[in-house]
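Based on the hints, put chain R in the right spot on chain V.
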Amino acid sequence: MAQERKKRRACVSQGECVACGCCVKVCPVGALEVFRGLYASVSGDRCVGCGRCAGECPASVIGMQEETV
Amino acid sequence: MKKKWYDALWIASLAYLALGFFNILFAWLGLLCFFIPLFIAVAKGTKGYCNRYCGRGQLLSLLGGRLGLSRKRDIPRWMRSKVFRYGFLVFFFVMFFQMLWNTYLVFAGAQDLGQVVTLLWTFKVPWQWAYHGTVFHAGVAQFAFGFYGVMLTSTVLGLITMALFKPRSWCVYCPMGTMTQLICRAKNGKPFREESH
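Same order as they appear, the protein sequences are chains V and R.
Residue numbering for the first sequence follows this note's numbering, beginning at 339 and increasing consecutively.
Residue numbering for the second sequence follows this note's numbering, beginning at 12 and increasing consecutively.
The hints are simulated quantities; they were obtained by calculation from the structure and are not laboratory data.
Heads up, a few of these hints could be off.
[Unchecked claim] Okay, the calculated beta carbon distance ranges per label pair: (1) L43(R) with E404(V): 38 to 46 Å; (2) F107(R) with E404(V): 43 to 51 Å; (3) K55(R) with D383(V): 21 to 29 Å.
[Stated by the list, open to error] From the derived model, a few chain V residues whose C-beta atoms are all more than 10 Å from chain R: (4) E342; (5) R343; (6) K344; (7) E354; (8) R374; (9) V386; (10) G387; (11) C388; (12) G389; (13) S398; (14) M402.
Here the structure is a predicted model, which means the values were calculated and not measured.
Backbone N, C-alpha and C define an ideal beta-carbon position, used for all residues, glycine too.
This is chain R alone, in the form it adopts within the complex:
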C-alpha cells in the first residue's frame, strides 16, 4: 500500500514527547491533538483524525507491530465495554479540569508555579530542568506542565496496554476517540446498516 505523508505523523508524536524534556513550553503544541480531532468530528462528522492522522496510534502500531513489543492478545472484555470507555472519558475530563483549575490558581496568584509533571495522576515527577522561564505569565508554564503530564500519562497507559494486549489497544479507551465517536453519533445518528454481501 502506498504511504501517504500522514503515515509519518508518528515522528511528530515522538518529537512532541522529546521536546517536553528540553522545554516544557512546547507542551502547548499538544493542544493540536485535542482541537483537530474535535474540529474534524464537528465539521465533517467523521473520525478522520483517528483513522488517518493520529501520530500516537501510528507510534503504538510501529512499536507493538513492527518492533514486536506487544503480546498481541485480546483486550479484556470489560476494557472495551461502554461503561469503562465512558467512565474513563469522564475521569479524564475531571482530571483535565483539575489541571485547568491549578493553572487558574497560578494565573490568579493564589498558587506558585509547580515545576513538576504529574504522571498517572499520582506521581509528581520533578521537571524543573525543562523550564527556562517565560516572557509570559507563570500560568502559561503551569498549563504546559499540567498538559504535558496529561500527554505523558496517556502515552504511558498506551504503552502499557500496547505491551499487554494489541498494539493499538489505547484506541479502544482513548478519551478523544470516545468523544469524537459520540460527536459523530450525535451528528449522524445511529444508522446501523446492513453490510453488503
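Looking at chain V on its own, in the form it has when it is part of the complex:
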C-alpha cells in the first residue's frame, strides 16, 4: 500500500495578487512565475514549501498549505 505523505506548498490568492514579482526573486527553486502580468503562479511540482515567498510578499497574499501526496 502506498504511504501517504504530507507536503507543504505555497498557494497564491490570485485575485488579490499585485503581480510585483517579489516572490519570484526569492524562490530558491524557481517555482514561481508572474503569469501575464496578472498574478503569481506556483508550480506545485517544484515548490519545496520553504515559505520564503510568503514572507516576502508585500501584500501577504501567499499562504502555505499542507497537502497529502
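The following block gives chain R in isolation, referenced to the frame of chain V:
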C-alpha cells in the same frame, strides 16, 4: 542566485534622487520610470518593469531587507484592497494633472516659475538651490520641479510603508504597478488558471 545587471538598478534610483538636489532639470529623467513600464505592459502584456527593472523596488528591498529598516509586518487589509489601490491611482492621476496644469500656466506666461518641490501634495519645500537657469523655457523647469515632487513624494511614502510594513509595501499600491496590471488585464483578459500540483 546569479545577479543580473538589472539587479543593480537601485543605484540609478538613488542617483536620480541625489541629482535632484544638485540640478532639478535631471528630474526629467524620471519620465523613464513612467514610459518604460507602460511600454512593456502595452507591447508585451507583462509587468516586466515591476518584476525586473524597478530600481525603487530594489532600493526598498535593500533598505528594508538587508539593512533591516523594516518591521516586516503584514500590510493592513484595506491597503491592499482594490478600492484603495484604484482610489490611489485616481488620486495620483488628479495630482499629476494638476502638476501638468501648473506647468502649462508657466509656459503660457500666466504664472511665474515656482522654485519649490511639493512634498506629499501639501508641503512646499524651497528648492531654489537646485535651479541654475535653463536655456529652454521656464516651463521646462516648472515641469522638473513638479515631477521631482511626484517622485520624492512617492519615495517618501514608499519609505514610510517600508518601515511600518514589509520592505516592498509600496509595490502594493504603486500607481504604475496598478496601471500596468490593468493594462495587462485588458490585454490578456483575466484567465485564472489552476496551479499545477
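Violations among the numbered hints, reported as their numbers in ascending order: 7, 8, 13
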